[in-house]
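Student: Here are the chains, one letter per residue:
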Amino acid sequence: MVFSYNWLQSFFQKKLPKPEKLAEFLTMKAFEVSEVRKAGKDFVLDIDILPNRAGDCFSHQGIAREIAAITGLIYRGSTSMVSEDKNLKAKDFVGVEVKNKVACPRYTAGVVTDVKVGPSPKWIRERLKVCGLRPINNVVDIANYVMLETGQPLHAFDDQKLEGEKIIVRFAKNREKIVTLDEEKYDLNENILVIADAKKPVAIAGIKGGKIPEIDKKTKIIVLESANFDSRVVRRGSQKLDLKTDASWRFEHGLDPNLTEMAINRAAYLIQKIAKGKVAKGLIDFYPKKVLPKRVKLDLDYLEKLLGIKIPVREIKNIFKRLDLQIIEAKPRYLLVKVPTRRLDISLPEDLIEEIGRIYGYQKIKAAFPTATLIPPKRNIEIFWGDMTKNILKEAGFTEVYNYSFFGEKEAKLFGYEKKDLIELENPLSGEQKYLRASLIPNLLKNIEKNFRYFPEIKIFELGKTSQKPNLEKRALTGVITGDAFYQAKGMVDLLLNKLGISNIWYDSWQPTPEQTKFSIWHPKKCAEIKIDGEEVGFLGEISPRVLHSLDFQGKVVLFDIDFEKLSKISSEEHEYQPISKFPAAVRDIAILVPRQIRVEEVLNKIEAVGGRLIRDIDLFDIYEGEEIPRGKKNLAFHLIYQAEDRTLSSKEIDQIQNKIILALEKEIGWEIRK
Amino acid sequence: MKIAKIDLKSLKKQAQKDINLAKDLKELNEIFKKYLGKKGQLTQVLRSLEKLSKAKRVKIGKAANQLKNFLRIKFDQKAEALKEKVRKEIEEKEWIDITAPGKKPALGHLHPLTLVKRKTEEIFQEMGFSVVEGPEVETEWYNFDALNIPPEHPARDLWDTFYLKNGFLLRTHTTPVDVRYMEKNNPPLRIITIDRCFRHEATDASHEINFYQLDGLMVGKNISVANFKATIQEFFQRFFNKVIEIRMRPGYFPFVEPGFEVDMTCLICGGKGCSACQKTGWMEMMGAGMVHPAVFKNSGLNPRDWQGWAFGMGFDRLTMMKYKINDIRLFYSGDLRFLQQF
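Residue numbers (the numbering used here), protein chains in the order written: chain P, 1 to 675; chain B, 1001 to 1342.
In isolation and in its complexed conformation, chain P is listed as follows:
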């Protein structure tokens, strides 16, 4: 909110600090001043009033009081000495009826007759302009002026345009309409509080005035409204109508009901002075439940303990005095303080401690390390496994990406998600954020597509949260490699799992249902379930051409997608050293021709079964099909590593086992050992 420096000065006899200096004081002790700029002979201070101080500081008076508290200068309130006309009685002109005292805790109205509506004097016009308001006529300008001065929104009605000489504060009826001062039409409903005359709404309470009882050049009698409306009611109305005004903004944050009287008197005084009116006797004041000042007790030990600094009691008392916080009881251990009703933000001892802290100066609090019990921090095992996983993938050449937590309808369709499984946003900013991501895959594939023109080979991964109904939030680990890289990806998964202390890994071919096949993102013949101890923990495979084509991607992409919640539960730091055999190992090779569809697993199982304990390792070093190999066959070549733990194996012994293996393999129909 912007403030006029000259206006602020008008509350003090002594000179204020220079605008820049004043801004610094305010920033350090009250509110940040984001800008100071010259405006003619005045200066404009743009002050970011903290929301909890809106009640008293969305006003020049409020800021002036803050300045007084900070600088110690004496604050003088403005004059509002009205001389009422004894022959006129306000209640003869208008009757006020408040239907809902929760929505409208106070309604104060006054009447001024014989006004001469015309332009405002220059000083009012200038102050309004400095604060960003457009001058209209003296009556309207004074209402605005008093709002900027006191924080209390005021409204002026032309009395003769109010039907039935009545003001009724009530909720609107459905299908009621109103045209506001700026000629905008609004449809009202039962949630919107209005000011009505005997027949129709004439203003949206606390938000904006209606066109009908507008003050114009012919207006003679005005009804001034200075009311207090419930913050939630105004907020709801303002949101419903999508209409924010200087008034609604103030009411939304809450105002002191005791402010209405002071503000209306100030306005009446100015109208009398400037528009030459007669002020009718007696305010009409609906105020069923008077708000009284709160009393808050401040424990002085607590003050010291919370701020971590000892402030002399004399100093504390002085700060309270400057803030107009009256001490009604002073004991060595505590102070009992009466809080002015305008300070809606103060109700707890902590609130008083804040007042003392900021005015005394937070910069005077010296840094001091806590004296606390030594409690070693707890280890976060989930973060530990996450970091470990990231390190392994990084070392293997993968780059980590962070993607948005969302995807759109297009991705949902393409990846076969059903709406009923996805968590949908109520208020997305764009179609791309319609759902929470149920998988990391869609956004990773987009990364591939975007990067492919700069990088011929890409290896990326993400470890992030995915969400699906019913409110399942899970960490997933997904890695992507471009190219014909199924075995690379599989090797990566093996390596990762081994490093995480997991050994019992199994890859199962996937048998989708026909429905699944339709939406599957996987190449049906190049994918596998990743299983650990028989439980599925993820999936590995090439992305189907159907998906890649829709993403405009030329080429192949292989991907692994792992449930990280499961993974981090079974990962283990346990690792045991295996003694190195003192006896040499011997290597023998076997090359075998088998039908194409025979899986390596089957051959390995056979070799292991026959070979027994003395075969320490079997290493498949070549798979070949093509030229020089009969059609429908493939050649598998293995290194068999023989080793015993207790002796050196003789050639004879090795040859015996090797021959047994060869015999067993050759027994299979269509298998042929190549010699």
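What the hints contain is simulated information worked out from the structure, not anything from laboratory work.
Backbone N, C-alpha and C define an ideal beta-carbon position, used for all residues, glycine too.
Some hints could be false.
[Claimed, not checked] Taking beta-carbon pairs under 7 Å as the criterion, some of the chain P residues facing chain B (in silico): (1) Pro51; (2) Gly77; (3) Pro312; (4) Glu315; (5) Arg358; (6) Gly361; (7) Tyr362; (8) Lys364; (9) Gly397.
Fit chain B to the supplied structure of chain P, relying on the hints for placement.
Tutor: Then chain B, alone, in the frame of chain P:
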């Protein structure tokens, strides 16, 4: 006899000359054969000794054997010199251009937010803080009500929120984690959270719809503003490796009272005032304050028993400051030209 004597002398002279002239090991080998081979000249002299009288045999034999040993040494020395020459030549041939670029092993890259997260966690862990996490999909209660932000309160406008159709919302800050943690753990406690949050707002170079927040909480019997100042100052000094001061200004966050805005010495000018800090010498870093009694109450703790501080800061911004990154959107772009710089 006289001849034999002369023979040995000239033999020695000639052999020495031949050895010196040998150009490579092959030539040297030929020369060796010429003198010391089976049919070599010196070998023949030695063989002819048996035909001589005993006295002569002893005398000439001694001289011939001396010559043999002498020549062996010469041959060895020459052979070594020639080998050395060959090695030199090979090395010379194997010259490489050491200014040509090296071949780097293909390591991957961790995301800058991951790197800075680790660094931050390390500093706080060293000061006794545990690192905790919480859900991204939150309830109104934890995100707002429990933090003393009642429904229909204008303070809710401070947090532009993504709501979900299932009645939940995406947390707008990591502060809900504080409440969740206090519900389950009794003070004294020290925690930080670095995790993903969401804001319903237009994106630009400094705003993103998802981002990371660093949130900290310390609760005990006597935890004060002075302790906050020391702890956070220490964090910034260790993080930026510089002498840094912090200052506190009044701030408002419903879940703390008193509340502060926390500034730190400008990293660029060291506090003198420059364009980066709008000439103030300070940079705005975080919001903080002393935990509001209502928050303790909502977390199941008695505010009379406990006090402490909490802070929250944009973690993306901290990372941007660390690496001088000028656009937050780069973090979520997946652009490898950016990511592979880390």
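Student: For each hint, tell me whether it holds in the structure or not.
Tutor: Status of the hints after comparison with the structure:
{"no.": "1", "hint": "Pro51", "result": "6 Å, holds"}
{"no.": "2", "hint": "Gly77", "result": "24 Å, violated"}
{"no.": "3", "hint": "Pro312", "result": "17 Å, violated"}
{"no.": "4", "hint": "Glu315", "result": "16 Å, violated"}
{"no.": "5", "hint": "Arg358", "result": "5 Å, holds"}
{"no.": "6", "hint": "Gly361", "result": "10 Å, violated"}
{"no.": "7", "hint": "Tyr362", "result": "4 Å, holds"}
{"no.": "8", "hint": "Lys364", "result": "10 Å, violated"}
{"no.": "9", "hint": "Gly397", "result": "4 Å, holds"}
When each numbered hint is compared with the structure, violations occur for hints 2, 3, 4, 6, 8.
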